[in-house]
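Full structure from sequences and hints, please.
Chains D, A and V, in that order, are what the protein sequence lines are. According to this note's numbering, the first sequence is numbered sequentially starting from 1. According to this note's numbering, the second sequence is numbered sequentially starting from 1. According to this note's numbering, the third sequence is numbered sequentially starting from 1.
Honestly, I wouldn't trust all of these hints.
[What the hints assert, rightly or not] To give an idea of the chain A side of the interface with chain V (calculated C-beta under 8 Å), a few residues: (1) 18; (2) 21; (3) 22; (4) 23; (5) 32; (6) 33; (7) 37; (8) 44; (9) 85; (10) 102; (11) 104; (12) 131; (13) 142; (14) 157.
The hints are simulated quantities; they were obtained by calculation from the structure and are not laboratory data. Just so you know, even glycine gets a beta-carbon here, dropped at the ideal spot from N, CA and C.
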Amino acid sequence: MNFKCPVCKKEWKNSLQVARHMFGTGDKPHKTWVDEQGKTQGFTFIDLMIEQATTPGNKSYVMLAELIEKAQDKL
Amino acid sequence: MEKQLLRLTVNGQEYELYINPKTLLVEAIRDHIGLIGTKRGCDTVSCGACTVMIDGASVKSCSVLAMQAEGAQITTIEGLEKNGKLAPIQKAFLDHGSYQCGFCAPGMIMSAQALLNENPAPTEWEIREGIEGNICRCTGYNSIVRAIDATAKGKYAEVKS
Amino acid sequence: MNKYTVINPHSEFKVINTHVHNIDGTAKVTGRATYTFDVKLPNMLYGKILRSPHAHAKILKIDYSRAMELPGVMGVVTGKEDTLGIKQGIWRRYQDLCDEQVLPVDKVRYIGEPVAAVAAITEEIAEKALDYIDVDYEVLPGVYEPLDAIKKDAPEIHEGFERNINVTRHIEWGDVDAAFEEAEYVREDWFKCGGQAHMCMETRAAVSSYTPDGKLTIYHSNQSPYYMQGLMAGVLGMREGDIRVISTYVGGGFGGKFELDGAIFCSAVLSRKLFKPVKIVYTREEDFIATKRRTPMFYYVRTGVKKDGTFCAREAKVFTNGGAYTGMGATALYLTGFFHSFPYRWKGYRYDGYRVYTNTLPSTSMRGFGAPQAMFCSEQQIEWIAADLGLDPIDMRRKNSHHEGYEVPGQATIASCGIDQCYDEIRKWINDKGKLPANRAIGISACGFMSGGIFNWFDTPYSFSSAVVSINQDGTVELFVGAQEIGQGSNTTLAIICAETLGVKIEDIKVHSGDTDYCPPDLGAWGSRQTLMAGNAVKMAAEAAKKQLLEFAYAQSGFNIVYDLDIKDRWVHAIARPERGYDYGELVKKAIRGKDGQKIVGRGYYTPHRKGMISPAYSYMLQGVEVEVDEETGKIKLVDSMTAHDCGQPINHLGLIGQLEGAFSMAAGYGYLEYMPYEDGKLMNPNLVDYKMIRATEMPPANIAEIDTYEPEGPYGAKEAGEGLTNPTAAAIGNALFHRFGIQMKECPITPEMILNALKEKKETEKERKGKK
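What follows is the structure, given as structure tokens:
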């Protein structure tokens, strides 16, 4: 199955690519969506992005990918 | 400080100035006499944009007081051409593209001319040393070195009939 | 001294690529050229700017009553009292990135930022008055390095910019992870690239004159009068058309003079308050601490290749020190990411760039526009990979290089590319040298650059370049361009294109530029855009004028219509019978009469369309430098250099050589001399004694082999030549050190201290290794 970006509805084959797309675009709507998700868990878009950029591994991407997967049903 | 009367000879012309004795030569030339061909690029005697000749030798005109140049022959960039004819060094700069923005050119040309006055047949290294005090941010200097070399070799000399 | 050769010359032109003197040369070598620095208007006042001593502070109160009491002081302006407080930026399409009040209203963000400005009858009095302006600050904690500024507890520099992230940029093509899977060898490195001062010989300078009829005239040393007009209209709440910007002679730009600076803004605000012309000229120190600089960058590069040297994938993460404001830094963040891929084909490429606010001098564009940093990292890592795999570094590069017709996925199509021949030329140069003395080594570096950007963040409704050609009755030509001459020779280059197209002589062309009242709008001198973009506009305008002339020539010739007429060297003739013709001046007179006395006028314009994301065309080059190192002191000396260069069809022969030599000297300075150390936000060497740059004695020969290719999008096949050569040298010097000592230089400029440290470290590692054995 394809995964949709919860904001702009563009599709990719896996959720990790959607996560990359969300970081890469980084405009207000995308940022806001991630910030909303993070409210309960105590992180922001920028937190995840900096974590991704400064530490090895893909922790932030994987985390965001999971959120994207969860959100697919509502799209 | 009290102003003083000063007589400066620039490009063969005598000027009477009534100025503060602390006035730098570059200020006298630019602001009081109005010869604005001479430029200024720093406050630390580092860039050479204000170079003029005093009795044929190159001097950074921000490094001396106007008073110190009294009685001497001062030459600025405006004094090189004669009756609308460019001096050989100016022709050489033109022909080799030895300037770009042109802001360093007046000082650079005066350093080059002074070098040739002192040493009519400089080696490449002597040319480079001769203009070491002049910064050019645009050209990378090599075209300037070529122009000075060609001038020294007589390529732009006036043919006498 | 220098060798200049052209490989495969293929064209016959009358004016193009001939030995044409710079058309403004006589003015420049005789001292007649008048810069903003020299402008003096009747009734003119002199302005000085009070600057912040703090890197980060709130402005609580400014009291200038004591200053006003000084005899000769005419007025003081502050951000709060005398400006609209509009946040401006050159990325004016994006509100978020307009973040700079040139005279800030309530907060300063770097040492040297303007706080107030004063006008007086002499410069001395204005300077003295600064001491009588009392400012109350509330000093805030500052942060100076991007990797500190992104920390959770770092001070907030701009409200709402979480963790001080100013702009992010992402470039990606191909399946990067899959491409890394294919790789048999992966290498990752961290690099740190320094800033660099533009160090224009003419410091920032402006003379503004606001008159009671509501019009503002500004003499200003800049790279784009049109941008200045637009930006000033924005911050002053005026109409563009009521502002005239004049920039006749400009003492250098190099990417630092197309944003609003304190000189233009403060002089205009003072003049509007006082209704007198106000002149502000920066001192050299002000120019160092309070303009902008090349963007310092932290680069992480991971590259995957096959064992045979085939490039698979590359991933880069970059943090740039943005300083206090955005300016052109946002573009530099994008371009460094794109040119980091150059000039190679990557199956997968991913770039994540983060521009971070800090309490330091804002960083921006500077000649090379992010690419010198990108190449310093890329070209050294590639050299190390070749060594790791035991491959020839030239062969490995060649195997992976761009070629004509290559498409950088989703980004650009390469229509002309001479890099392949560049490898041959540099190989030959190295081979001809034979064995080098023991203290010398050669390093090489490849790169490419754009010929103008396809970006419209300025949000102009005008075409990117425009030109008007107007022919007088005697055949002389007035060429009006908005392109800006800053020393790079654009007026000459455009005159050459105009003369070639019309078929007249170079001395027939008079170029009018640097005046928004009389010249058509044009984005100006940046991103190596003028030869291609303004060049195309001029060519179109000249062709339009020529067509009107030839219509009359056809009408009166009585030739069979299959014959083509042309004008060359002022000679109107049938192409098939060039010996039978007549003088072009005669034709012009007739044509004007035939048009009921109207002048012959041609108009041209250029805006890139369907040319990808970055630029309509790309230049290519490979450089070799021979470096001598003193092992005792770590001092570097450049002994010789050779650049093989592809700029399409060379237009301005002397100008091209000058641009290549000049860019090389600036690049060499960036590689090993020009260093901007900051301590708690304070620049430690803001003068020309301590800020070292290349002088005549340090400059090596700059040999050039020009690869003559044809770029279909450029005028007569031309593309970029002024900027690209700033890119390769730092890496080439690093590579020479690698070959000489086996040390890897991950920081630039490469100072003697760094070399000595690297040598020491290397000795210690060797000792340890021996100990273990």
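Indices of hints not satisfied (ascending): 1, 2, 3, 4, 5, 6, 9 and 14
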